[in-house]
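Per this note's numbering, the sequence shown starts with residue 11, numbered consecutively.
Everything labelled a hint here was simulated from the structure, so no lab data went into it.
Hints should not be assumed to be uniformly reliable.
Restricting the straight-line Cα-Cα distance to at most 25 Å, the calculated cross-link-like pairs of lysine to aspartate or glutamate (DMTMM-like) are [to be verified]:
1. K176 <-> D158
2. K213 <-> D203
3. K170 <-> E157
4. K64 <-> E200
5. K111 <-> E138
6. K229 <-> E169
7. K111 <-> E173
8. K170 <-> E107
9. K115 <-> E157
10. K291 <-> D272
11. K172 <-> E217
12. K230 <-> E217
13. K115 <-> D272
14. K176 <-> D271
15. K230 <-> E188
16. K172 <-> E275
17. K64 <-> E30
18. K230 <-> E200
19. K229 <-> E173
20. K111 <-> E169
21. K170 <-> D158
22. K229 <-> E200
23. K115 <-> D158
24. K131 <-> E157
25. K172 <-> E188
26. K229 <-> D286
27. K61 <-> E275
Listed next, with one range per pair, are the computed distances between beta-carbon atoms [what the hints assert, rightly or not]:
28. T195 <-> Q227: 36 to 42 Å
29. Q177 <-> N147: 16 to 22 Å
30. S33 <-> D247: 47 to 53 Å
31. S135 <-> E200: 24 to 30 Å
32. K230 <-> V160: 21 to 27 Å
33. D201 <-> N147: 47 to 53 Å
34. V160 <-> E200: 24 to 30 Å
35. S135 <-> T166: 43 to 49 Å
36. V160 <-> E138: 33 to 39 Å
Note that the Cβ used here is the ideal one computed from N, Cα and C, for glycine as well.
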Amino acid sequence: MSNNTLDNTQTKGVFASVQELMSQTLNPNYLNKKSSLPDNSITTGFHAIDKITKGFKAGELVTIAVRPGIGKTSFLLSMINNISLCENHSVGIFSTERSGKQFMKRLIQSTSGISIAKINKEELSDIERNHVKSIINSIGHSNIIIEDQVGISTDTIAEKSKEMVKQGSEIIFIDFLELLHSNNTIDSCEDNDLCNVVIDLKKLAVEINIPIVLFSQLKKPTQYNNKYKYTPDYINDNTDTLLFLNRPSFYHINQVEHKADDTAEITIAKNINIGDMQLAKLRIIESLGQFSDLN
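Sequences and hints are given; from them, build the entire structure.
Here it is in structure tokens:
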């Protein structure tokens, strides 16, 4: 069969596999071209971010710092949709702010674009019903593991993360730093428990050899040497990739700079692939609680 051309396949009336037809149809250079991303990296599904970071790497601690009200959960859910439902990666999630049921409700709403209230009241058109069934089926067949313990310690996170990895998890999300605590005391942290937490999680990422994505809730910046610091040193020093999520419309910047109200900005402040800070822009669909690429 491998010696047949596409024309021969059609003429002889023999069966052809998709792989064979694909190799006969596409340029060999395209089929053999290797991805520019490292083999062990996991992309966010947002091209604007991935072209800068080249994906999240194994053993890496990624911190995403967000002000309250900006869309932390929507951004998290959009990444999970891209990584797990679209790219079929196995994902582990520690949700310290919401129960597993609440998290699943938000995931279904974000992915389908339809509220749970409307779904449960069966107020759907045939098209909407089929769409929701497809989404629920996709989520049901995904490998997403959710741990929703409140006030969880890094020791428990480490124990459960290792179990998640045994079950196939390739990346772990933690929402969020300020609700965690550590049972360990690290001299350099000077009794700062969140410092202990960040160092624990960095060590864990290296140990289990997958990316850990940690969300952190930003407070007001502090002034330091006539500059403003948005994240403390223990985050800056122990994080491999540091992102800031911002929405100019939230601070009425759009009215001054004439920016689109649906634009979100991701500042990549630290990453092995960059020197200076880089800016990636995304679109936020407020009504659906979704983030997407601008194009």
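Tell me if the straight-line CA distance from K291 to D272 falls inside 25 Å.
Since the Cα atoms of K291 and D272 sit roughly 10 Å apart, the hinted pair holds (cutoff 25 Å).
K172 and E217 were given as a pair; does the straight-line alpha-carbon distance stay at or below 25 Å?
9 Å, holds
Measuring from beta carbon to beta carbon, are Q177 and N147 in 16 to 22 Å?
21 Å Cβ-Cβ, so the 16 to 22 Å window holds.
Hint says 24 to 30 Å; check whether the CB-CB distance for V160 and E200 agrees.
27 Å, holds
Are K229 and E173 close enough, with their CA atoms no more than 25 Å apart?
33 Å, violated
Are the Cα positions of K172 and E188 separated by 25 Å at most?
Status holds; Cα separation ~22 Å.
Measure nothing beyond the straight line between the CA atoms of K213 and D203; if it is 25 Å or shorter, mark the hint as holding.
15 Å, holds
How does the Cβ-Cβ distance of V160 and E138 compare with 33 to 39 Å: does it lie in that range?
34 Å, holds
25 Å limit on alpha-carbon distance, applied to hinted pair K229 and D286:
The given pair, whose Cα atoms are some 23 Å apart, holds under the 25 Å limit.
That 47 to 53 Å hint for D201 and N147 (C-beta), does it hold up?
50 Å, holds
If you draw a straight line from the CA of K229 to the CA of E200, is it 25 Å or shorter?
20 Å, holds
Has the given pair, K111 with E138, been kept, meaning a C-alpha gap of at most 25 Å?
22 Å, holds
Hint compliance for this structure: hints 4, 6, 12, 14, 16, 17, 19, 24, 28, 31 are not met, and every other hint is.
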